[in-house]
Structure formats: C-alpha cells, structure tokens
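**Q** Protein sequence lines correspond, in order, to chains E and H.
Count along the first sequence starting at 1, add 574, and that's the number in my numbering.
Count along the second sequence starting at 1, add 574, and that's the number in my numbering.
Just to be clear, a hint being listed does not mean it is correct.
Pairs count within a copy or across copies, as identical chains cannot be separated in the list.
As the list claims (entries may be wrong) - Calculated lysine to any residue pairs in the SDA-like style (CA-CA distance at most 20 Å, straight line):
1) Lys975 x Gly1045
2) Lys794 x Glu1286
3) Lys1061 x Met1001
4) Lys1084 x Trp1069
5) Lys944 x Thr702
6) Lys803 x His1210
7) Lys1298 x Gln857
8) Lys1123 x Leu758
9) Lys1063 x Pro854
10) Lys944 x Gln984
11) Lys672 x Thr713
12) Lys1107 x Gln885
13) Lys944 x Phe991
14) Lys944 x Arg639
15) Lys1107 x His679
16) Lys1298 x Thr1163
17) Lys712 x Glu754
18) Lys1084 x Asp974
19) Lys944 x Leu640
Please keep in mind that the hints were generated in silico from the structure rather than gathered at the bench.
2 protein chains.
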Amino acid sequence: MRNTTTTIYLNLCFCLACCLWVVQPANAQEQATWIWYPGDYEIWLSNQMQNRRTERGAFLPPFWRLYSHYALVDFQKEYHLSSPEEIEIYVEGEYNVKIDSKLIHGRPTRLTLPAGDHNINLKVFNQTHVPAIYIKGKTISSDTSWQVTYEDKEWIDESGKVSDKSSTVWVNAGSWDFDEPTDLPSAFQMEIQPIPAQTVAQNGQQWLIDFGKETFGFVKFHHLQGKGKLSLYYGESKEEAQATETCETLDHLTIDQPDAADYVLEGSRAFRYVQVQADPGIQFDSVSMLYEYLPLDYRGQFRCSDERINQIWDIAAYTLHLNTREFFIDGIKRDRWIWSGDAYQSYLMNYYLFFDNPSVKRTLLALRGKNPVSSHINTILDYTFYWFIGIYDYYLYSGDKSFIQQIYPQMVSMMDFCLGRLNDNGMVEGLSGDWVFIDWAPMSKQGEVSFEQLLFCRSLETMALCADLAGDSENVSRYQSMASSLKTKILNTFWSDEKQALLHNRVEGKLSDDVTRYANMFAIFFEYLDDEKEQAIKEHVLLNDSVQKITTPYMRFYELEALCAMGEQELVLQEIRDYWGGMLQLGATSFWEKYDPTEEGAEHYAMYGRPFGKSLCHAWGASPIYLFGKYYMGVHPLSAGYEEYSVEPVLGGLDWMEGAVPTPQGDIFVYCSGKEIKIKAEAGKGTLRFQSRSKPSCASASIQSKGDNTYEMTIAPGQEYVVKYQQVKSRGR
Amino acid sequence: MRNTTTTIYLNLCFCLACCLWVVQPANAQEQATWIWYPGDYEIWLSNQMQNRRTERGAFLPPFWRLYSHYALVDFQKEYHLSSPEEIEIYVEGEYNVKIDSKLIHGRPTRLTLPAGDHNINLKVFNQTHVPAIYIKGKTISSDTSWQVTYEDKEWIDESGKVSDKSSTVWVNAGSWDFDEPTDLPSAFQMEIQPIPAQTVAQNGQQWLIDFGKETFGFVKFHHLQGKGKLSLYYGESKEEAQATETCETLDHLTIDQPDAADYVLEGSRAFRYVQVQADPGIQFDSVSMLYEYLPLDYRGQFRCSDERINQIWDIAAYTLHLNTREFFIDGIKRDRWIWSGDAYQSYLMNYYLFFDNPSVKRTLLALRGKNPVSSHINTILDYTFYWFIGIYDYYLYSGDKSFIQQIYPQMVSMMDFCLGRLNDNGMVEGLSGDWVFIDWAPMSKQGEVSFEQLLFCRSLETMALCADLAGDSENVSRYQSMASSLKTKILNTFWSDEKQALLHNRVEGKLSDDVTRYANMFAIFFEYLDDEKEQAIKEHVLLNDSVQKITTPYMRFYELEALCAMGEQELVLQEIRDYWGGMLQLGATSFWEKYDPTEEGAEHYAMYGRPFGKSLCHAWGASPIYLFGKYYMGVHPLSAGYEEYSVEPVLGGLDWMEGAVPTPQGDIFVYCSGKEIKIKAEAGKGTLRFQSRSKPSCASASIQSKGDNTYEMTIAPGQEYVVKYQQVKSRGR
C-alpha cells in the first residue's frame, strides 16, 4: 500500500563521521487521500486483525468488547473556487453527493463545480467496511481538513426547507496513507517478501523445515501435486514444531491438485520451524515462506564497542518490527492482539527506532474503541492507565497537537468511566470484571494497590495536559487538583519509613507489609519522590535481592529504566548482557514473553499450563531499543516534538557508542567515547549535558560549567559538534 | 423464509354463524431456531432496509445515527444430558466451540456430548452480518433460553486458569422465525408473487403500464433483448409516472443483451404506474412485476352494512400490509424508514389486523438502536415518547412480559437521556438538534409545548409499569411520582378556564393564547381529565371549527380516537366516510400521507416542495382498522394479553357489523345489529357492555343491569353468545 521512498538516506548517515545533511522531500502540492470518521478504520482493521488468532485450528477471538465503525457517515468541506473545477469521486460504500445542500441525482463519479463558494457533502453507508471517500480535483482534495459526522440531524420540513443543521457535531476526518484512488482502505495488505527455507530435514513424507530465525507469514509449497492430507505444525522452537499434539498453531489441509502448482497457505503464522506431514499421494518440490511485514524505516540506530550488545540491539529491533504490524501487538505467535500495556512499551521503543506516528495513533484509537465504555481497556485496570499515559508520551515525542485535540473527548469519557469507579478514599481498586494485571508474578491484587494509584495519578496529569491542549480550560485545574491531591494521598498512605519504600497495597483499610518493585520503580521515573526517598528505594528495593525479582522483560523495562534514571547505566548494562544475552545463549532469534534463567531446556517454552504456550517473539522483549536511545545515548525531548531536547550520553562501561535518534523534523546523531562526544542534529534546540574530569573543549560552541564536573552546551540544528572531554567513570544522578 | 400454515382457518371463521372452534397447532417438540444478541438482527436488518431509499436515482439514507450489531458475541447454555447426544452446529460467522470451558480444536460442525451436566459455549465474530447460531440435537436446541453477551471479560492467567467469568452480563438471546439450518438470517428475503400489468398504453418506444392499484416490488421485463438505454419512471399516480423530470423514483438501465431473456430490476419500488422509455434497439414482450410482501395473516376482520366503509376497511388493511415489511415503515414510495410516531400507529392497527408481535418487537428494537443515546429517536422529541408508550401498549395487548424484561434496560438509558434534558421546570422542550414534530401543520414548536409534556408523562407511566415487570422495584415509585407530579404540573400550567382547554405552549415563562387540538385530544384518551374538562374540550376544541383543523390522517387517528372515546362514533363514522371516502373518490387504492379536501387535481400529490413528494401509501392512513376494531366492535384488553377484555359494540349509525379481533390466544368474534349482539371468544375472560332500551336476553348467560340502560355480561371462552336487545341510538360516554 505504501511507497517507501525514504530508506535510501539511512545508509548514508549512520556513521556520524560521514554524515550528510539530508533534506526529506516535502509534498509540493495538496495530496488527496482516503478519509473516514476518525477511529473507524482503526476499529475495523483491529477487528480484522484480532480475530485472526487461532489455537490448534480453533478460532480464538478477544474476550473484551469489540466496537464497530459508524455505518453511515457524512463528509463535508467548504471550498472557494476561483475558477470552475472538475472533481473525481471515489467512495467505499453506497453514497450520495450534495453540493450546497442540493442532492445530485444518481451516483456521480465526476462533477464540475462552478467558480464560487461551495459546500461539498457526501453521505456514505457501509456496514461491512468503513465508509470512506477519496476526492481529487485541482484544488479540492480529500484530507483530514474535511469534516465528518455520524449523525447529521438535518431534516426537511413539509415545505422542503432543510432544518437545524446547526446542532450536528462535526470533527476532522481521519486518514492513514491510502493516497491513490485504487488504494482502497478495505483492501489493506502488508508487504510480503519471499524467504527460502534454510535447512530441510526429510524423513519419508515428513519434513522439518528451518527458516533460520523467527519469522511471520505464509508458508508456500512449490509445485504441490496430488491428493490427500497435508499437515503443518509450526514451532517457534524445534521442539514445538515436533510436538504435533501440543504445538500452538497448525494447519490441516485437504489437497486435491492433479496438476502441480504453487500453493500458499491462507493463514499467516509465526514460526521458525515448520514440520510438514503429507499423505503418500502428495508431493512438492520445496517449501518457502512469504514474510509479511509493515514497511518501516529503521531511523534509530545504535552501535557500540560491545558486540553482544550490538547483537541484542539488532534482535530487539527485529522483535519490535515483527510486532509492529497493523497495530502494535503483543506477540506474533499467539494472541496477535492489541494489549494496551504491551503497546505502551512499543510506543516508547518506536520513538527510538521507527518514529512511526501513524502506528501509535492507530493503536491508541483501536484500543479506545467507542462509547459507551463498559470495561477497562483489555479489561485490565492498569492497561486503561497506560492508554492515557501513552497519549502524554505521544505528544511529548511527536508534538502532534491535532491528534490530542481529536482524541480528547474519548479521553474524557474513558476517564469518566474510571472516576465513576473510585472507592470512598478516591482510589482505584479492581472491581468485579476488572483484571488487575501488573505483571505475571505472584502478588496480591486486592484492594488499593499502590502501583495502580500511581498509574491513575499519572493518567490524571495526562488529562490536565491534554485538556489544556484541547482548549478545555475549565477541566485543566480540575484534573490537576485531582492529581495533586491523589499524589499526596499516595505518599501519605503507602510510604513506609520502616521499609523505606512504598508498600504494595491496602486491603479494607489495612496496609500490607509487602514491598514489591512495581510502585517503587514507577515513582522514580514519574519523579514523584524527593532525592532522599529515591535513594532509599534504590537501596532497599531496586538493589535489594530479598525483594521478589522480576522475570518478565515487560517489568524489566521499567526496572531498568528506574535504575538508569538514577544513573545506574553500568549496572543496567550488565543486566542487559545477562538477561537478554541469556536468551541469545539459548538460541533466541527474537526476544521472549518471559525469561527465567533458572529454568532449563523446554521448560523455557511453557506458559499458561501449555508446553509451548509462551511467545518467543514478544514486543515487550525489545526494551533495549528504548534504554540505549534514552539512557545511554541519552536523547529525549524536553518540549513537545523535540523543539527542545536533551542529550546526556552515558557510556555505562562501553568504550564507545554511536547512533541516531529520530525526531519529528530529522535525526539526532550521537557518537560518544571516553574522550570525545560528537553530535549533529537536524532540527530543534538541544542541550548537551555531560561530565568531564577535565575542562572540555569544542571548536564550534561554548561550553558552560555547571559545577560538580558537569557541563552543558547548546546544540543548534544542522551543525556538527565535536567535544573533547574526559569521562567521569562512576556517575550518580 | 416463513411457512404460513395458518391461513386456511381464517376463511372458515369469518362468519360468526358458521364459526368453528379451531385449535391452533402447538409445537409438539422443541424447535431449534437461529439466535443472536437481542436487537442485533433488528439493527442490522433496519440498516439494510433504511439504506434502500433512493430519490431520482440518488441514494438517500436517514439523517439520524445508525448503530451496528455487536461484531463479537458469546452464546451459552447449561444442559443436563441423561444420555450422550450429538448436536449439529451452524454458525453465521467465524466461531469456536467450548464445552465446559474447554476449547474444541478446529471448527466443529457436529459434536457428541457425553451424558451429564454441560456448559455449551460458542463465540462468533461477524463484522458484515449478525453473529448467529443454530444448534440442533435430540434435546439440545438453540432458542431464546440461550444466553448471550458481547463482552465475556474472561481471561486466562499464567497458569492456564480461567478467571472472573462472574462479572459478565448475560441476557437471553433474540430470534425471529429462522427455524431451519439453511434459513440464514443474513439471507432474509420477503415473499414475492408475480403480478401482471393491467393495462399497457404503447406509443413507439414508450409505454405506460398500469398495475391497477398501488403495489410494491420489482419490475420484470419478459424476453428483453437488444442494446441501449432503458428508463423507468415510477408513479403512484399516472401524472407522476408521466413526469419524467419530477417523478420521485426512476431507474436508468444500460442494456446489452443480444439474446432475449427475462430481466428483473434489482431495486424494489412503490408504484401503480410505470412509464418505460427504451432506445430503438431494445425490445421486450411484456412487463410484469414481482409483488414483494411480508406474509401475514389477516386475523382481524370487519364487515358492515355500509359498502363504502367496507371498502375503506379493505383499502386500509392493504395500506397497512404494504407498510408492514421488515419493519413497520412510514410509506412505501419515499422514505421506507422506521419512524417511531408512524410505527406507533401501526402497532395499534396491527393489534386489530395481523396481531403480529414479531413485527412490533423488531420495530421497537430497531428504533432504539444501542447506547450511547445521542439524540431522540428519529431526532424527534415526540417520537421518543411514542417509543415508550408503544411498549406499554405492546404489553397490554400481547402480555409478553419477557420482551419487557429484555428491553427494560434500553428503556432506562433512553429515559436517562430524556431526564438529562429537562428544563428548570422539569418539563421537556426542543433543544438544539431536537425536532419537535407533532404534525405537518403550522404551529409554534417553541418552549414547553403541552402536547410534548403529555407524551412525556405517559412515558414516565410506562417506565413505572415496566420497572415493575422487570423487577426494578426501586424505580417503580420513582417514575410514578415523577409522572404524577408532572401531570399535576401540566394541568396547573396549561389548563385555561377562559378557553376551557389546554393551551398550546409556554415560551420563556409566558403562556400562549393558542389552543390546538393535539394536547386536548391526547388528554382525553390518556384519561388525564375529569368528565367536566373532557366535555369542555369536546365542545370548545374537538367540535369547534374555529380551532385549526387537522389535515393528516396521522393526527386524524388521535382526533377520531378522542371523539370515539367520548361516544361520538356516529360523528366519527361520518368523518371517516368523508375523509377516507374522499381519497377513494379521487381514485386512491391505498391511503395517503396527507389529504386536504380543499386541494384539486395534481395538487394532491405535492409535498416537501416537490410536485410528487407526497406518499400515496402511508401507514398512518390505515387508522380505520384500529377505530373499527376498538371503538365500533369495541374490543380491547383490560389486562395484559387479553386475559381480561372488554367488548362494547357501538354501531355509530351502521345497521349491522361483524368481524374478528385477534388476541394472543385466539380471536374474538363479534356481530352486532340494532337488535342482536353475537359474541364468541376463543380465550380470556370478557365483559360485554352495551346499552339497550329494553331488558336484553341471552339464552346462555345472565345479564346484569348497571343502570342508565347499560348492561353487562361475562363472556367465557369457547362459547357462543347471542344477545337480544334494543339499540339506544344516541350514546354518551
């Protein structure tokens, strides 16, 4: 569907030494695109995607409520034409066209409008697909400046007069990048690329095919011929493909193909290995697969002096890419669903790899669904909050104010749902039907869990921020004051001077003695605590082995982030080497849903009571992408859309590192060794902050000392800076 | 789709003299049927139907919000099997089957369950059509005792345990009468019957075809051959079919058919006349049409001594039948939409003709849509209230408590919408986006319109009644007290001693001087007034020619009902003769949307600023059906489902009348002349009430005198009563 025109320059700019200033081509003229009611396409497409899950041939859909697109949608825009103009009209659905409120007879596909002021209006019905239009003229073109509504409340009185158009709520249309009339949204397909098998072991009518690494797509038989049964057993591990009775995905085909012809399976699957079993009457030349992927640019880059780390970064990038599809999904083998907590981490990783805003927006819209809200997102209390917080992050990284304005009413109704479920203390707790997830680890989910209060508090802060952006000034202070009173309450309730940590929960008024890592690490990178408490948590929780350890890459993400935020990059680097490196040592070609170093052999593949229940390619396994970009190269936005940003490179034990961090207007290139920092940014106003044992120097900028061996330097766009300095090895925050 | 097995006995029982007691066949064994989430099919089917409207070839959909079915639905039921049982499984959509929470691999179409207790669960996804299932075994069969939900909130923890199924809200499934596995709900089609043209006038390549009366369906060309354009201009009147530039519906076809073959048009149209124009290269043998209709039994019957009235009744019955389709629609030519106010009258007429409960239920469900409620039904304030009141009537006539329980939550959310829009006086008024319709007549729609308050008050009474039936005892008194306080407020505010009537409205605290018929006539048959005020209204409003007259059959319905309720059957009979008879004199073969006797010629066909905008076959034109059944034969239920009922025959100037009124358990046959009343009822406990100048007699029952020439007699089921009496000509209430 998409033309990927920007891949070329990436190879040019990786090495900072030879970095060229590459201007991205801007659209010279108005681009028409397919448009729809915002969120409609995302809901429809996610319904398609999330209902493709199978478990051993059985259909396995989500257990939460699915919404549908609006079946009947109005589109309109006002135009002033200085000369007559012909427009072409393409529509997905049954439709009519009104020009200046006058219905055009028939179903026009071309119309000429006279010069002057005009209102163009189309009304489209489509129950099966999303009502969508594509209009193209010389100056007229369908885009997100068009307005849409799902109830026009316009009626015609007995005398033929059109009444009360005024009360209709119009919003701006949604789009993605369906930019050609023939590029129908309903016909969306990702790209495919043929991949040959790497090794094939044959034993009579039984084959074990290895594609060399985790992959996703459609198995293809070449010159398949004959009659009988053909079975495929997929495995992310060899053991799984061989376990015909317990592998998670399989296909049983009935072949009746007298003449040899290629045969591509209908359903996409995730696998590295495929075991094929065929009846004697069936033969084929070979087996390959069509790799299915979303075309994305790897704008973020990272290389360093440690090859193991480089390998981890590459596998993490591949893992994230495999899970960045129609939407950010959890894992490619099993659910293939959009889980808000999983997606939240993908958003953050995405900002340091693809910087693909449409993927974030699609996912946020699909997760939200429509009104009425009758349960938490994915039914999970915490996942609702990640949805809010993800919007905060999205704005900070992208600066995309119009999306915030678009989604704000949906945020309000989602927050209303949450506020309607508070307990008498104004805190959240899991009510009937709410899944309090937090992590796959044994812990109490009862009553007021401190971790959930923190996420809720951050969600309220997000609401205040977005209310401001959406011009809902009345509610800015309302949400702010709710957030600040909740924050106080959290600390007063859960902070234990004895434990020097936030306690885990309070059940029916009784505080628990438990300390878990969750609330404590979030409190750090949410910056809800003073320095003293942060240090106390570091000592008594994060670096305390007697506090229950984290075994999912999901929560490792936050744990390592908290440690990095406190300057523990060296420690974290070792953790990454051990934990992610541990998976690599076990032969991982993508990162897993869960990894427990104490397990052995095929134990690693079991989960949910099933021997191969675990996903071996899970988005949340890719967090090194985020950690290296944000906490080693040290790049992050200080204001929305990287208008201002900070670069604080921390080697954390590496000899050198270099890479690129994408931003809305271009990339930020960083090279850092113990003696030299090189920076070039394509846009924005940056602040380089670093420590040096001796006075640093830069030929093209002045460096300011901030005391305590800390220095700062301003980075202007388009210029390359080379800073000579002397690394301070052990760095505290 | 349906087998109509009950038509035969109707011919037997029309004449009371030879009436036989016919037992309707009961289903001997459990009947499996296609089931779905209640309301889903109705919403889906109404979307299909309401988006078939065209205006001169242009698509013309509704201007209100359309909802969609739930795309993902769970079905379940618990069974105890005394022996193993095989079931067949048919599904519309992608699905899985769980037995006792265990997912069955693959997509089973047959399963054998062992003896014992079982939970059968199916989960179905279908975006395009409605998720629906049909299950058939020896004792297991899908029916409305199955439960459904659109969000199961059931998740599987890391250990494989299913968690929290408890919070899921299950409701009973919906169905219609798709009783065979092959009888797919998505493939619903009404019946068709070929009808030949009555006359054809040819002029070269131009034909004017007359089908003899108003009809609906698909035009068919026999042995159509050739190449070129073929145009059809439809007319409910000859003038319309001849007006190629202004007729409301038309079809332009491009024919390329070298070999002669029959050709049926794709779109259904309403017409009596069709003008065909063909290019010279096109020829055909003849033109006929396929009449499309919902098969329904004419259970209600009426014949009397006045042939004009008999003709009116027949045309009214045909008019109602034409408009009783997938749903009760307004009219067959133009909108073909479900308008709540129009449908409300169809429900009432239906109780005296088809007594087809499914049509009422389908229509009520389709009108309601789903949550969230964001506008009044059809955007019209009064139409929301008719929706509530229609449910009250439905219960009274049908006794169908389970439907009330099913729809009650939807009533609550609709009423919440209304209550959220009250003004400071606790009254309703038209806010932005609300259409205050009342009737097609010039009048103020501003502020607090007394008519709207009356409908609102009746709606609150309906809520109290239904809250009771649904077991929501807490809200019974809440709605009751709101209704009773509003009723007091209405009388205190709008009753004018000076005008001896309810005033029309109050705008910004200022009462209007206007008196219109609307509130006054509703107050009468709602029985909101004392006798004195009723008589005052009769004199000062209903029989007062200086109060603006009513020109739509729509409001004539209520005006004549009010007069009948006050014993003015003689006057009303004359009105019916004049008004409906007036249309017949103008050649009507079905009754119109509006009729103004002062208009002439083709003026009658104009409306909405278009020369043929008026519908000549409008459901609300059929009200004599209701009036004769309820106020002449005088049959109506006193308690739900006709367990108790009243028969008060009033000849109103006729020499004799006879007929049948359908009830849930059978029909009530009535014959009445000035000297004899004959009654036979198949079920229920009836009370015959009549006036007689002399002491009446009945061989098989005792008659009680109630004073004032009034007598009462109890009617037991299955018995024929013949009462000799002497009619009292002029009857007051």
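**Q** For this structure, which hints from the list above don't hold up?
**A** Hint check: 2, 6, 7, 8, 9, 12, 15, 16 and 18 fail, others pass.
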